[in-house]
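Visitor: All chains, full assembly: derive it from the sequences and hints.
Residue numbers (the numbering used here), protein chains in the order written: chain Y, 1 to 370; chain U, 1 to 370; chain V, 1 to 370.
Errors might be hidden in some of the hints.
Note: identical chains are not told apart, hence a pair may lie in one copy or across any two.
Stated by the list, open to error - No farther apart than 25 Å at their CA atoms in a straight line, the calculated lysine to any residue pairs in the SDA-like style are these:
#, residue 1, residue 2
1, 287, 12
2, 171, 138
3, 290, 300
4, 200, 157
5, 171, 39
6, 68, 79
7, 290, 198
8, 68, 52
9, 171, 92
10, 290, 280
11, 50, 284
12, 290, 117
13, 200, 248
14, 287, 104
15, 290, 317
16, 171, 114
17, 68, 88
18, 200, 175
19, 171, 102
20, 50, 74
21, 290, 264
22, 290, 322
23, 68, 151
No lab work stands behind these hints, which were simulated from the structure alone.
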Amino acid sequence: MNLNLSPDELASLCQAQARRGSCPIPVTGIAALTEAAPGDLSFLGNARYKGEVLGSLASVILVPPDYKGAPGPDQELLVVPNPSAALALICARMEQALWPRPVPGIHPSAVVAPGAQIAASATIGPLCVLEAGADVGEGVHLQAQVFVGRSARVGEESWLSPGVIIAAECKVGRRVRLHPGVVVGADGFGYEFVQGRHAKVPQVGRVEIGDDVEIGAHTTLDRARFGATTIGAGTKIDNLVQIAHNVRIGRHCILCAQTGVSGSTVIEDYVVLGGQAGVAGHLRLGKGAKVGGGAAVTTDLEAGVFVNGSPAIPLMLERRIAVLKQRLPDLFRRVDTLEQQLAREKELPPAAAPANIRGNDRLPAQDPLG
Amino acid sequence: MNLNLSPDELASLCQAQARRGSCPIPVTGIAALTEAAPGDLSFLGNARYKGEVLGSLASVILVPPDYKGAPGPDQELLVVPNPSAALALICARMEQALWPRPVPGIHPSAVVAPGAQIAASATIGPLCVLEAGADVGEGVHLQAQVFVGRSARVGEESWLSPGVIIAAECKVGRRVRLHPGVVVGADGFGYEFVQGRHAKVPQVGRVEIGDDVEIGAHTTLDRARFGATTIGAGTKIDNLVQIAHNVRIGRHCILCAQTGVSGSTVIEDYVVLGGQAGVAGHLRLGKGAKVGGGAAVTTDLEAGVFVNGSPAIPLMLERRIAVLKQRLPDLFRRVDTLEQQLAREKELPPAAAPANIRGNDRLPAQDPLG
Amino acid sequence: MNLNLSPDELASLCQAQARRGSCPIPVTGIAALTEAAPGDLSFLGNARYKGEVLGSLASVILVPPDYKGAPGPDQELLVVPNPSAALALICARMEQALWPRPVPGIHPSAVVAPGAQIAASATIGPLCVLEAGADVGEGVHLQAQVFVGRSARVGEESWLSPGVIIAAECKVGRRVRLHPGVVVGADGFGYEFVQGRHAKVPQVGRVEIGDDVEIGAHTTLDRARFGATTIGAGTKIDNLVQIAHNVRIGRHCILCAQTGVSGSTVIEDYVVLGGQAGVAGHLRLGKGAKVGGGAAVTTDLEAGVFVNGSPAIPLMLERRIAVLKQRLPDLFRRVDTLEQQLAREKELPPAAAPANIRGNDRLPAQDPLG
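Guide: As structure tokens, this is what we get:
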């Protein structure tokens, strides 16, 4: 989304307390201080970067009251109480322009089965499919090519992007935002091994998504074996995340991209999972626990802990071990030396160290440390 | 899917041998013993949980013949030979209600090219696209918004969920179930580096999926460079899995969510890959090999082995090393002590341990172990 | 794609210098020397496999001028200057047959908003949606069920497979190929934690994809917070990859399947990321850096380095440590022995090694090494 705002409009929008310098052109973009070009708006969000204001090519810069520098030529400084908050105001304005409120109604190309319920203020975009018993609340926007299955429910003011799929009987709360390709309610992955084959265990539960949840592109949430896979209110899930059957995620959690949560695990409120983390099945992660990116959680976690690594252990221990691991070549050499010293002294052969396990036979030939 | 069955209907459906107590309300859900509320059905599937029956709030509980406890108030115990099998019967009934058999025919909004073949008993749902030469067998159900490309084939009784994409010339077997967004036959990832650019290697093969395969949401299977990428009969693949070009997967394998298999690797029958596992290219995984979650397989595997870790090594060794890794801080201290003892004794400086590689300079300042 | 070419047609197509033997049947497939059956074409692409030509069942084999062996019965050897290049010629011919040039025009089932711009030579396939201001260049092919949002642009000769989604205001270059389900321009994952909730940070930037880029199935690219997430010309991205907001990827990079790049990271030209690799946010990966499969990059990388492991360190060190890690059980035993020797000598107890941290209490009981 490009801006197109005059410095006067900007000053008014972010309620500037004072203006220094003057910019002759409209502002059409936003960029960091060091990356901005003429026509861009920038901002001093953190005193640490004060030195970057002076050389910035931005046409307009939001600065805090205690910034005393002078503007460059054709540059205007807008003094605001909180530059980050002022920028957020401008971005919120841009967001409204980027995603304008759609006109309510059902696009003629949508396929709505008899018995689907659509609130009067909802917008059903082109080429959506609503099966019988689908129930779409007031103010909902199904953008395009969305599928809502039999007896599924989408709560008030929710926004489903193109390609979202809500399978039969699943429930989506209010003000939920689902990005392109989110799949809600595919079958859980459950089989019994019978006579040399994997026999399917029926997956007859559903998924329930709380209010104010946001879920990223192509994330998949499996329906429960029975009962429900649940996502608590206010939780935010990134792209390409996998939530298995019967998982229960609390309120206000953060799951970064490409994480995976295995079946029946319970994640309490305010838990944070870093990108590509994996959580084994049937575990409980206590309130506010934090898991580093790529970590593999294989045990229950106490509330508030921060773990990392694979398998995940407390962060400080994991970091210390990561450092020590890099010193292993030296440690092996030190033990070699100790054994040689002791052997010389005692004229004893080193006790438990046969030659073949010291060799470098499994290292590539070009290893400079070999 | 909610149940709505009277205790009498339940007793008849699971052929109860005896009934104890009486429940005045219909059963509308299923839940574990400790989580059940009035109106729920529960079951004692494992003698270990016998103690949980007594306090359970479930209205009806399936118990084995050797369970002797009394029902609670307004609670009925149904005695069945095998509670898990009885539950499976009930779930299978629910599954039929959740996914009713569709009426055969082609939805008027589907776009079927001249020259596509559709069997009389197949159901082509709304907004599907079938290109010329697409061939859809008897009893197939394309639920909605499915794409079947030129000369692709979908075998008898297969079920393709919304958003599934079968690219040109790919073959899907019989009784296959593809969950939402499965992509069959995207190009393999092959380039030659020529004069500073990556030149595309044409990917003109196909994907062939055997009978009774099930594949999870948003899993991607790439077409072969030439010949076929193949998935053997009875194999089950979870969500968000990546199968690269020319991979050959045997029969009755299990691939958990977010695993990735690189090009040309051969996976023999009955192999199990845990979630987020990765397998390098051009390998062979022997029959029945098991790979732990998150493991990275970089070598061929013998039949029947169980490996874990990154790179993957035999499970028992990997577990032992995981434990020893956590003792590294102590081991470094022990070697420090040994060197000091020997140095005191001999009045020699420790041989191969310069100060800078013992320091904690790379540890965070707040490290309590520093 | 199956071939159906006579040996004469093949000889002409790859400009054979000489022909030895004779094959009576048309060629209908391509396979490696050891896997070929009658009817297949094969090739000797690497002198290493010379020994495999003799026993191959292929009907026609492309061989280099210095291959002197005789053909088998009903087998023809075509002598060409470069068998791999000759095979590429044949595959390119097959690729044209697999993906024939579509007829320009707009399918009547596509939903094109007033104000969308479509070049005369573009093909808009069935059930595509183009919002107002969408701009599709000459020779573009939107295969089917593609979504192009408001004011988004698709450059000349690009090909978007079924289910591709281009969100509002994003830009796709020329000759770009997007495989099924690629999502361009979902919101970045940005929140501020305010009063116990995650408040959304508006994501009002866009995605810009350069010329000659290819992106695999279900890969997701997030729009920038402001400004643009950018993919440089000639870069190739595999399936199920996650590119976060404000990432900047250079030219001619390779990102293998299931990799993830966190927000604001800069990846310079010619970088290669192995499958399932993860890159933390706000980093810079120097030109031509290489990252092994599954590696976790947590620091900036110098140009040209090759790193591996989690956290990623230089490859040679990582390999050496991987080997030493497997020798940890032995190292612990050696240190035990040293301590015992020294204690016997001095009649001193081992200094810093309390019994409980040597025990095997955390190992599984069945550990044969315990």
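Visitor: Which of the listed hints are not met by the structure?
Guide: 1, 12, 14 and 23
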